[in-house]
Amino acid sequence: MAASNRTVLQFSSSKTLSGKVHPLVIFNICDSYVRRPDQAERVIGTLLGSVLPDGTVDIRNSYADLHNEIGDQVLLDIEYHQNMLLSHQKVNPKEVIVGWYSTGLGVTGGSALIHDFYSREVSNPIHLTVDTGFANGEGTIKAYVSNNLSLGDQQIAAQFQEIPLDLRMVEAERIGFDNLKSTYVDKIPSELEGMEASMTHLLALIDDTYKYVDDVVEGRVDPDNKIGKCISDAVGSLPKIPSSAFHKLVDDSLEDHLLMLYLSSITRTQLSLAEKLNTAAQIL
Amino acid sequence: MATTTATRSFLQAVATEEVATPLRKVQMEGLVILKIIKHCKDHSPSLVTGQLLGLDVGQDLEVTNCFPFPMREEDEEIEADGANYQLEMMRCLREVNVDNNTVGWYQSTLLGSYQTAELIETFMNYQENIRRCVCIIYDPSRADQGVLALKALKLSDSFMELYRSNNFTGEKLRENNLSWVNIFEEIPIKVSNSSLISAFMTELEPETPVIQCDYDRLQLSTSSLMERNMEFLIECMDDLSVEQQKLQYHYRSLSRQQAQQQAWLQKRRSENATRRAAGEEPLPEEDPANPIFKPLPEPSRLESFLITNQISNYCSQINGVASQSFHKVQLMKALHEE
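Protein chains in written order, with our numbering: chain A, 1 to 284; chain B, 1 to 338.
What the hints contain is simulated information worked out from the structure, not anything from laboratory work.
Careful: at least some of the hints might be erroneous.
Label-pair ranges, simulated between beta-carbon atoms [said to hold, decoys possible]:
(1) A:S182 <-> B:T116: 33 to 41 Å
(2) A:S190 <-> B:P291: 33 to 41 Å
(3) A:L273 <-> B:E186: 21 to 29 Å
In silico lysine-lysine, DSS-like type, Cα no more than 27 Å apart, as pairs [stated by the list, open to error]:
(4) A:K90 <-> B:K41
(5) A:K187 <-> A:K211
(6) A:K240 <-> B:K333
Where is the CB? At the ideal position from N, CA and C, for every residue including glycine.
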């Protein structure tokens, strides 16, 4: 039956994509949501970035678009969209459109129309949804690509398929989540404060490891080979240096740095001396 | 009656507003920090700039958004294009309800070598139009050590006054009691985030016990950073000695001129004595036409001030890196002994 009838239901196959979101994009989306116009239910905007060699879509930047939704109709200000795109590309020509975002949970009816628009700008755009309303109690961030469902040559529907999304935020870690997480930070931690935090962190980790090893040795916790291997790897990665050589290394390093400190203090003293001499010098 | 008092109090309010309260703090949104870092890092090691948008509230300056400038080029036409870009961007951002008020600019730097005459010039340009503005400096080269090297700067009032009159002679500096330390004023930075972002970040914070910035901070090798710092320091020292030589040269020619003046005066006086003895009119004791009476211009101290500022900056960076290294070495030692 199917053989005589040549019309088949086709799912356009797309290779499995994955996305990587930079924290700036989330910040941008949240900010534009907070600043959305009075009656607007949601904000939409354009995602900029690049496709990495391994096929991952790297979403690095975004901007909000002007749009209006009345019932089933979606009005998008295309001129505004083009202007913003041009402006962004002046700064970073390597970033191109990779898709679009919308706030809210999941895909809604109007999404297909907007997706269609972006499909004309770029092949296979990504649709990112950010649930700013926390509808199910958590901030859900999801990414979709659209698959065309066609009957013969006729396209009958578009199917949104969720793709894996990498939300690890190395950039945010660099700044420190403490600075980004709370609504108010009185001052940016200085070098030494950051150092202290990192050291406490490290010591806490070492303590944890000790505790785990002790627990295993005394039979309070079931041993786990995997963890054991990790610990032995970590210990093994420490270079074995004889104690005397190590002390020499430490002392040398300390001396080097002390020398630098000495030099910089001398320079400072010279500066303040020169300052006094220069401005105090009376012209005869 | 009631209206008049209301008007008066309004007028008073306006009058008191005129007295500019000093800028105490710069409040930056996390968004702005991320944007600045992205822009500076993407283009590192070339230096980039951008504009800060925000609000001026009381003693605080709120920076709520920013946008990058395209790379600057020498071409005239492109420069005009840049101005257009700026207007266009501001217009676009206003349409999505972003604060449309320039509060300053940001720029990236390499190891803190930002104290230049250009920075001062740009600051003065901004200051012409905006009463209170700020310059945010970000150093991408220090981010590798897990340091968030953000600084908010402004020029001190006394320096700006002096700069306007463009008079950086030793005498003026003494009069105004201005030294290189008080050219720039650093303003503390606060970070604020909207509750929505705070919620998202709490949600997205990874469970892993170690984060990237711990790795960066505990990196043991700092010698390359030290080396570059030293290189810059040495360069600055050379520059400073050139400036000093200029000044010395000026003093030398000044004293030579004074000696010449004295000799001339001596000669004229003896000449006058002979003339008086002969019953003639004495010649005037001053001759403005003579080139030895032309005042010598004193070289500006601004350049040497800026260099001094840079040197002290490098010194404090060296101090910082060294003390960090001390800690790391001690930590290594302790770990090794355990």
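Tested hints:
1. A:S182 <-> B:T116: 33 to 41 Å: holds, 35 Å
2. A:S190 <-> B:P291: 33 to 41 Å: For P291 (chain B) against S190 (chain A), whose Cβ atoms are near 57 Å apart, the range 33 to 41 Å is violated.
3. A:L273 <-> B:E186: 21 to 29 Å: holds, 24 Å
4. A:K90 <-> B:K41: The given pair, whose Cα atoms are some 16 Å apart, holds under the 27 Å limit.
5. A:K187 <-> A:K211: Not OK: K187 (chain A) and K211 (chain A) at ~35 Å, beyond 27 Å, violated.
6. A:K240 <-> B:K333: holds, 13 Å
Against the hints set out earlier in the document, violations occur for numbers 2 and 5.
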